[in-house]
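Q: Listed below, chain by chain, are the residues.
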Amino acid sequence: MLSTRLLTKRYGSLTAVEDLDLEVGAGELFGFLGPNGAGKTTTIKMLVGLLRPTSGNARVAGVDITAEPEQAKALIGYVPDAATLYDKLSAREFLEFSGDLYHVERRLRDRRIAALLKLFDLQDRGDDFLSGYSRGMRQKVSLASALLHDPQVLFLDEPTVGLDPQSARQMKDILQDFCREGKTVFFSTHILEIAERMCTRLAIINHGRLVAMGSLQDLRHMVGQDGQSLEQIFLELTGSREEDVSGVLRGLES
Amino acid sequence: MAWRARPGRGGLEGLELGLLLWRVQLQMFINQTVRSRQAGRIAASITGAAVILLAWSWEGFITWLGVQASHRVPVRVDTVHVLSVAFLVYTGVLVFSSLVFSLNALLLNPDLDMLLAAPRPVESVLASRMVVQILRLFLLSLLFTGPALMMLAVVNQNPLIPFAFAMLFLLYPVFVVVIISLISLLLVRIIPVGRGREVLTLFGIALAIGINLANFLLNPALRDPGFGRHPSVAPSLPDIPAASSSWIPSGWAGRSAAAVLSGDWVTAGQWLLLLLAASAAIFAVGSLLSGRLYMAGWIHAVPPRRRHATPRVRRLRGAVPLLSPVLTAVVIKDWRMRTRDLAQLVRFVMPVVFLFIIFGLRFPRLLDAVRSLGDGPPAAMIGLIPAWILLFSLSISLGLSAVSLEGKSIWVYAASPNSTLRLLQAKCWSSALPVASLVAVAALAAEIIIRPGWLWAVTAVVLAIAEAAAVTTLMVGIGAVFARFDWTDARRMMHPAGIFIGMGLFSIVSGVSALLLGISIALAAVTRFPLFTTWLAAMTISVGGAVAIAALGILFGNQRLRGLEVG
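Chains A and B are the protein sequences, given in the same order.
Each residue of the first sequence is one higher than the one before, starting from 505 at the first, in the working numbering.
Each residue of the second sequence is one higher than the one before, starting from 331 at the first, in the working numbering.
In short, the hints are calculated from the structure, not lab data.
For every residue, glycine included, the Cβ atom is placed at its ideal position computed from N, Cα and C.
Treat the hints with care, since some could be wrong.
Which bits of chain B does chain A cover? Going by a derived footprint, with three or more residues having C-beta under 8 Å, they are [what the hints assert, rightly or not]:
no. : segment
1   : 526-532
2   : 705-715
3   : 728-741
Quick list of in silico lysine to aspartate or glutamate cross-link-like pairs, EDC-like style, CA-CA up to 16 Å [to be verified]:
no. : chain 1 : residue 1 : chain 2 : residue 2
4   : B       : Lys-738   : A       : Asp-585
5   : A       : Lys-676   : A       : Glu-697
6   : A       : Lys-622   : A       : Asp-632
7   : B       : Lys-738   : A       : Asp-591
8   : B       : Lys-738   : B       : Asp-594
9   : A       : Lys-676   : A       : Glu-662
Where chain B lies over chain A, by a calculated footprint (3+ residues, C-beta under 8 Å) [to be verified]:
no. : segment
10  : 543-556
11  : 589-599
Hey, can you work out the whole structure from these sequences and the hints?
A: Next up, the structure:
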């Protein structure tokens, strides 16, 4: 459903993503992990066609996102990190706008909007301007917008940031249902607990390079210690060291 | 709360914190200009500096001319009174700029919470804002008057003149800034959260209308009886006798400044000391009071009201039935964004208000002058002037900002399965429709009133509509080339270079059109071709040329958007 070959993005002398090879199948809930600045958001933006790769290519359902961006984008739903929405539109108006951009037939669009607003508990606030929405509510509107045109692959960048526990749980259920329909979810997160519980497979990226990919069990084998939590695996693979943190904190006290 | 107000402490700490904030702002300015490592910004900084140097040279030269003229033709002037009036007028500028600055600082600047969280007295944080504003006004005063003061120092052979005036410029704003800052603390209490920018826009409109009305009513250049001057206004700029009263700061500053110019340093020092003492006292009391007001909860703005979309607006969808769903969606979305945001709405309203001030108030005399031309194309063309002014203003404000209007939400469109050319098409519709409609109304109204003959009136209106659509499309293209997606503030959406190029191209298109139409009249007279034939030919060439340039603009705009990366 989703594949990348030697996907690379450079900004001058800075290499944000380097030679990334990914394969994600239909029905997978794929977690994309990495420390801050590792290249997660850059990768997702390349996969949804917002950034052009410096080299390499990415395909969504067999369609090359660089060569045929419009065909590929029709198959994609995207929820950015801290989505900026149009403040002076209501949630309903924003979703109508989004549906029209994705060529959703008008009556079908209106039916889906009603269903999605109800699903996200926003039906009472659907006609309020988005300027009055909290971050979590905006995140819900953003997800509703991404689901509106029934995409084949859903890309989410830190989708649970700003959501309360109930909403985070609800989002998890929605994503799992989405995958049960044979569609694919590709999401980045810092919350390893969610990734551990939800994802069928995971990839870890560090300094723009893929350092591991596979199921949780595969990753455990990779680091050579069964029974380890994803957090321990993550820290091991990305080279984060707890003792350094303690040392710095002790230094601040003196 | 461990903190207790101690008189003077907040003021002094405010001074220190204000200087700290000023240093940070200076660092940011340097980082964004000469240290930006971006060729465009560095070039713009150098160009800006060159323009300032040029303006300074000009100001210095004009001052020298004025001094020479005063030596040759002595004029008896009450220097104290003139300078006091100047300081009082300056007070008006100070009031407005301080109000905007203070409300900005309280409602829009993101750093207030960070400063208030620092272990410093609240009064010092609020006082620091006053210090920053005073320093800003001080530097602006020097920027505008520096060369004149230097020239006066040279001519009077008195090098202390600029320093004495600098002291006055530093001290004079203090009382205004402090009072306005306190008033702002009270004002934010009635401004809902999230509406700060709109309130500031309202202040801007009030000032712009006030200046234009004052200009219309008071400007001696408009005293010509050919213009409709209000009869109750005296035929000269009004004097303000109280300005030089020794009981108010403008009188103190005026006396001190006049004494500096005449070399009477004792008198100058006395009035300056009075200003210094009053400024220090009001700053100390003001910073203490601001802390008290904050602690009493006055700084908290009104919670936002829930704003709804009305059913009336929802019915808009049926209003654009002929366009594709994507184009319709963008047109309707843009219309909603423009009409629901006061700062955007002003872009529609202001040109109309100014047209009323420029033409409406002088209407009867202007109409007589135009009607005296009789029937025919010249009267029809002159009738298009209000429509042209409207077109100039609207095409630039709506067309240039059309693409940037997406702001940071551009990702919504960029992630959708639609081309950049389609976005530009939609932006052309969303800008050209309202612009052409308003221009058509203005042109139609003028032609109905002037009555140049129905055939000429119809062709003039058609010309106005066609040029409006073409010119607005051109502006959309230029706006795409210079698109800025970082700003939601309507004033900052347009790139200065885009405005400059847009104005230049508008002038060229308008000038060439007028020339062609003029040639068509002359040609008909010389060759005895029917006037209507040459007129139609000129119109066709004029509109065709504008359409061609607009197409080029869209082509360049699309190239720029296709190369754009959102991230």
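Q: Okay, which hints does this one fail, numbers in order?
A: As far as the earlier hints go, 1, 2, 8 are violated by this structure, in ascending order.
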